[in-house]
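*Asks:* What follows is the residue order along each chain.
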Amino acid sequence: MTALSSFSRADRSIVGRWWWTVDRMSLVALLVLAGIGAMLILAASPAVATRIGIPDSFHFVKRQLIVLPAALLVMIAISLLSPRNIRRLAVVGFIGGLAMLALTLVAGQEIKGARRWISLAGQSIQPSEFVKPCFAVVAAWMFAEQRKGRGVPGFLICTALYLVVIALLLKQPDLGMTVVITAIWLIQFFLAGLPMIFVLIGGFGAVTGLIGAYFLLPHVASRIDRFLDPAAGDRYQVDKAMDAFANGGAFGRGPGEGIAKAFIPDVHADFIFAVAGEEYGLITCLIIVTLFALIVLRGFAKLLQESNLFVLLAGTGLLVQFGLQAFINMASTLHMIPTKGMTLPLISYGLSSLFAIALGMGMLLGLTRRRFGESDL
Amino acid sequence: MSFGTALLRALRSTYTLGGPGKHAVETAHTRLIVTSAFFALAFGAIGVRLADVTLFPHANDTRKARAARPEKLDRADIVDRNGLLVATSIQTASAHANPKEISDPAGVARKLASVLPDIDEKQIRERLAAPERSFVYIRRNVTPRQQYEINRLGIPGIQFQQEDRRLYPQGRLLAHVLGFSDVDSNGLAGVEKGLNERLRAGGEPVALSIDTRIQHILRQELDAAMQKFQAIGAAGIVMDIYTGEVLGMISMPDFDPTNLGGSPDDARFNRITLGVYEMGSTFKIFNTAMALDYGTVSVNGGYDAARPISIGRFTIKDDHPIPRWLSVPEIFMYSSNIGSIKMAQDVGVQGQRAFLDKLGLLTPPKFEVPEIGRPQVPQPWRPINLMTIAFGHGISVSALQMAGAAASVMNGGFYVRPTLIKHEEGAIIQGTRVMSAKTSDTMRKLMRLVVTGGTARKAEVPGYLIGGKTGTAEKIGARGGYRKNANITSLVAGFPMHNPRYLVIAMLDEPKGLKETYNFSTSGWNAAPTGGKIIARIGPLLGVEPYDANAPDVKAALAVDLAGTGPRVAKPTPQATPAAAALQAPPASAPMAVRAPSPQASARPAPLPVSPTGGSNLAAR
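If you read the sequences in order, they're chains A and B. Per my numbering, the very first residue in the first sequence carries number 3; after that it's consecutive. Per my numbering, the very first residue in the second sequence carries number 907; after that it's consecutive.
Just so you know, the hints here were simulated from the structure itself, not pulled from any lab data. You may find that some hints are simply not true.
[Stated by the list, open to error] The list that follows gives simulated cross-link-like pairs (lysine-lysine, BS3-like), each with its CA atoms no further than 30 Å apart:
1. K1364/B x K1344/B
2. K150/A x K928/B
3. K173/A x K64/A
4. K242/A x K1006/B
5. K342/A x K1344/B
6. K1134/B x K928/B
7. K1223/B x K1099/B
8. K342/A x K64/A
9. K1099/B x K1272/B
10. K1381/B x K1223/B
11. K1223/B x K1390/B
12. K64/A x K1006/B
[Unchecked claim] What follows is a list of derived Cβ distance ranges for each label pair:
13. G953/B x S309/A: 29 to 37 Å
14. A946/B x F253/A: 50 to 58 Å
15. G953/B x A104/A: 45 to 53 Å
16. L1094/B x I285/A: 36 to 44 Å
Remember, it's a predicted structure, so these values are computed and weren't measured experimentally. Glycine included, each C-beta is placed from N, C-alpha and C at the ideal position.
With these hints in hand, go ahead and build the complete structure from the sequences.
*Replies:* Written out as C-alpha cells, the structure is:
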C-alpha cells in the first residue's frame, strides 16, 4: 500500500483525487475476489482443457490471466470517470450492446441450443453481458428523470427498453439473463417509488411468470423437475458438485487435490464454486461469500447516504446485478435453486463476463466516489 | 395500453406532483434497506448451506443412502418340480473404463491381462486407446475375486457397475422351456417371456412341472438318436396324462441361454411347440378313437382294404398292403390307410372336424411359452381332406397338441390342457370329457397291440407295458410336393398301458436309413426304439414298477380280438366280450384328481425279475 498511499490528500491530479474519493474497501474486496478467481481458474480449468481435448492444458489459464489485469485496469479507468460521463458511456454501451444482441439472432453461433455469442475480431462475445450494467445505468437515469417531474416519461421509456431487452434475451433463449435484467428493473422501479399495489401485482406477476416458464419452456421445466425430484433426470453436475463440497469439508483437500473437476463439464465456469469447496474448503468459501456480501451490502450502505436519485438507482441496479449473479451461481452449485447457467462474478472463466463485470463495477466505483458540490446530474 | 396509462397516471399523481427531491430519495432509501435485507438474507443462507453440505454431507445426500441399501433382485427364480434351481438372477460387477482417463493403454491392458487371463490384451489396448470414446467395457460380469484383483492393480479410470445377470444353472438342458431374457431382465423367449409379468413381480420362485432328471434323460436319448440316425433335429415330450403337467420337453438342436450368439438361429426353433408338422400315422390314434366313439364301427367291426382308393389323380395305397377285409384292431396295428379312410368316411366331415377340435388339434393351444405354432387346418374342409386327415396328412399340428390329444385318448377320455407349471398338491384339474371311457379303454388295448405286434415293436421294454403308435410323414419341400426320404418320424406312446399314467412323444427330423435298419428310415426303426429307451430310463424314476405282461389280470386287461366280426368270418368272439368287460375303467372322477391313483393300487401284479434289459437295469439303480 505504500505506493498507493503516497498520494497526498492535497494531490489534485485525477488519480490522486480518485484515490481519496473512491470506496477503497470495495475496491480491495473486488481485487481480492479477482485474485481468488485467478487461483481457482488455475485449479479448475486445466481439467476442462484436458477433457475437451485442448493440447495445452493451461489454455484457459493463460487466456484468463492475460485478460484479468486488463479487465481490472478497465474497471479502474471507468471508475475515474465522472457520473455524467459514466452515464454517457452507459448510453453508448447500451445502444451498442443492444445492436449486438440483435445481431446474435441473425449471426450468432449456436452453442448448446442457444444463440448467445457473436464473433468479433476472432473473439466470441456475449453481448448480453455488456447490456446488463449499461441497462442498469440507463434505466436509473430514466427513473430519476421521471421523478424530477420535468415531463420526461422516464417510467414509460424504461419499461419499453426493458421489454426490448428481454424480448431479445428470450429469443436467444437466455432465461438467466432475463431473470437478472428483470430483477434490476423491478428493484429500481421499486426504489423509484412504485406504488405498493403495483409491488404486490409485480410479485404476483413474477410467480405467474415462473409458472408460465415452467409450462411453456421445456428446458426450464426439465431443470425445475430435476431440482425437485432427484429421480426425474440428469442431475449429474449438481450431484458431483455436492460430492465436491462433502469431499472438501472445512479445510479442503488442498490445492490441486480435487477430483470433482474431472467430472463436471462446466467446472471452470458455472461450477467453479464447487472446486473452491473441494480444494480450499468451507472457510475459503465463506470468505468468498463474505466478500460478495461485503461488496453488495457496503455498496447499499453507501447508497443510503446518497442524495442523488440517479446515482442511488444506478448503483443499486449495478449491485443487484452483481449480487444476484453471485447468489444464483452459488445457490445453483449448492443445489438451493434449480441449476441456472450463470457465471460467478470475477471468478468464473469467461472473457465477456469478466469485462462486463469490470465495466459494471468500474461504473459503480465511479458513481459511489465522494462528490463535492455536484447538484443536478 | 390501458394498464400502462393507468400505471403512469397513478405514479404521476402520487409522486411527481409534489416535485422532485427529498421525498423521492427518502422513499428510495427506505426501500433500499428492504432490498439490502433480502440480499443479506440470501448471502446468509448460502453461508448456512455451505456449512451444511461441507460439514454434514451425509445428512442430505439421498444418493448414498440409496446406494448403501442392497439392490433388490427383481426377477423371480424358476425351479423345477422338485425345487431344483433352473433360473436365477445374481448381481455382478462389470469393469469399464473411460479411455480419456487412461494415460497408458498398453500398460493398463497388460496389467488387466495379468488378472483376467482370458481377455484379448490387444483388443483391450485398442479399446482403451480410443480417444473419442468415454466409456468402454473391459469385461462384463467379472467374479468378485476378479473385481478385487482389478481394484488391487490400482489403475485410475477403471470402474465397476453393478448389473443383474440371469443365470441358468442347468445350461442348455431347459433351453427351450425357459427361453432367455435380455440384459434389462425382460423375458424374450420361453417361460421367461410367457411368464414375464409374474417373474418381474419378483417374490416366490415359479415352480415348473418339469422334472430335471427326466429332462436330462430325454435330452440324452434324443441327442443320441439324433447322432445315430444323422437327423437334423429331434424333439420329445413327457407328460402326465391326468394332470397335463409336462415333465420333460426337449427340442434339439438347442442353445446355451447364456451364450445365444454361439448357437445358430435354427437352434432357437422349438420343435415341440412352434413347429407344426403333418404327423402321419400317429393321427390314426384320433381317427380310430373317433370312429369308435361315434359308434360308426365297433372294435369287432372292420373294412375291406383290398383295393387302393382313388381320389382324382391320386391313389392312396397301404405301405404294407394286406389285400383283404381288416378288423379295426388290424387296421390300427398294420396302419392301413385304406381302412382308416373308410372309418373316417363313415363319420363324415362334420363329425371329424368336431372330434379333432375337441381334442385341441385345430386351434393354437394355450401354453406357458410364447412360441406356439398355429395348426394348419384345411379351409374349406372337403371330403378329400377328410380322407387325408384320416391317416395324418393335410393337417399340420404341433407335438404339444399331439400330446394333449393323445393324453385324452389314454386317460379315460378327458382333455386336460398341457402345462409347464407344477400343480399344487391336491389341486383340482379341470378336464373336459371328449370321449367315452369305453373308447379310451379300447384305444389303450389297440395302442398296446401296436407295440406287441405292429410297427412299434422296437419300442417294447419288458415290464413297462408300453403302448403307442408310430408315424412317418414325408416333409413338404420348398416348392411344394413331398420329399422322398426326408421324413418326420414319431412315436406317440403311453405306459403302463393297462392303467396308463405317462405319455411320451419322440420325434426325429429327417433321420437317415442305416445299415442296421436295412436302410429304412421309417419311425419303427428310429423313433420307436428311441421312445423305448426313454421309457426304460424314466419309468423307474417315475415310480412305475415293472409288470409281468403274462400276469392273468394284465393279459385280460389288454386282450384284443384281432379277427373281429368280418363279413366273411362272421363269428362271435368268445374272448372279446369278457376281455372288454374286464377292462379296468377308471371312475369318471379319477382324471380330475391331481395324482391319479397309483397304477399299483387297483391291480398289483408281481414285479418282473431284474433282467439285463435297460429298463430293469435302471430300475435297480
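*Asks:* Run every hint past the structure and note whether it holds.
*Replies:* Hint check results:
Restraint check: the Cα-Cα separation between K1364/B and K1344/B comes to about 28 Å, which is no more than 30 Å; the hinted pair holds. Restraint check for K150/A and K928/B: satisfied, since their Cα atoms lie roughly 11 Å apart, inside the 30 Å limit. For the hint linking K173/A to K64/A, the alpha-carbon distance of about 33 Å lies beyond 30 Å, and the restraint is violated. Restraint check for K242/A and K1006/B: satisfied, since their Cα atoms lie roughly 18 Å apart, inside the 30 Å limit.
Pair hint K342/A plus K1344/B does not hold up; C-alpha atoms about 84 Å apart against a cutoff of 30 Å. Restraint check: the Cα-Cα separation between K1134/B and K928/B comes to about 113 Å, which exceeds 30 Å; the hinted pair is violated. Taken as a hint, the K1223/B and K1099/B pair is broken in the structure, with Cα atoms around 45 Å apart against an allowance of 30 Å. Proposed proximity of K342/A and K64/A is supported: the alpha carbons are some 27 Å apart, at most 30 Å.
Proposed proximity of K1099/B and K1272/B is supported: the alpha carbons are some 14 Å apart, at most 30 Å. For the given pair, K1381/B sits about 18 Å from K1223/B by alpha-carbon distance, which is consistent with the 30 Å threshold. Among the hinted pairs, K1223/B with K1390/B is consistent with the structure: their alpha-carbon atoms are about 16 Å apart, no more than 30 Å. In summary, the hint linking K64/A to K1006/B is supported, as the alpha carbons are separated by about 23 Å, within the 30 Å threshold.
Our hint of 29 to 37 Å for G953/B and S309/A holds, since their Cβ atoms are close to 33 Å apart. Take A946/B and F253/A: their Cβ atoms lie about 26 Å apart, and the range 50 to 58 Å is violated. Distance hint check for G953/B and A104/A: the Cβ-Cβ separation is about 40 Å, which falls outside the suggested range of 45 to 53 Å. Checked against the hint of 36 to 44 Å, the pair L1094/B and I285/A fails, with Cβ atoms roughly 57 Å apart.
Checked against the numbered hints given earlier, this structure breaks hints 3, 5, 6, 7, 14, 15, 16; the rest are met.
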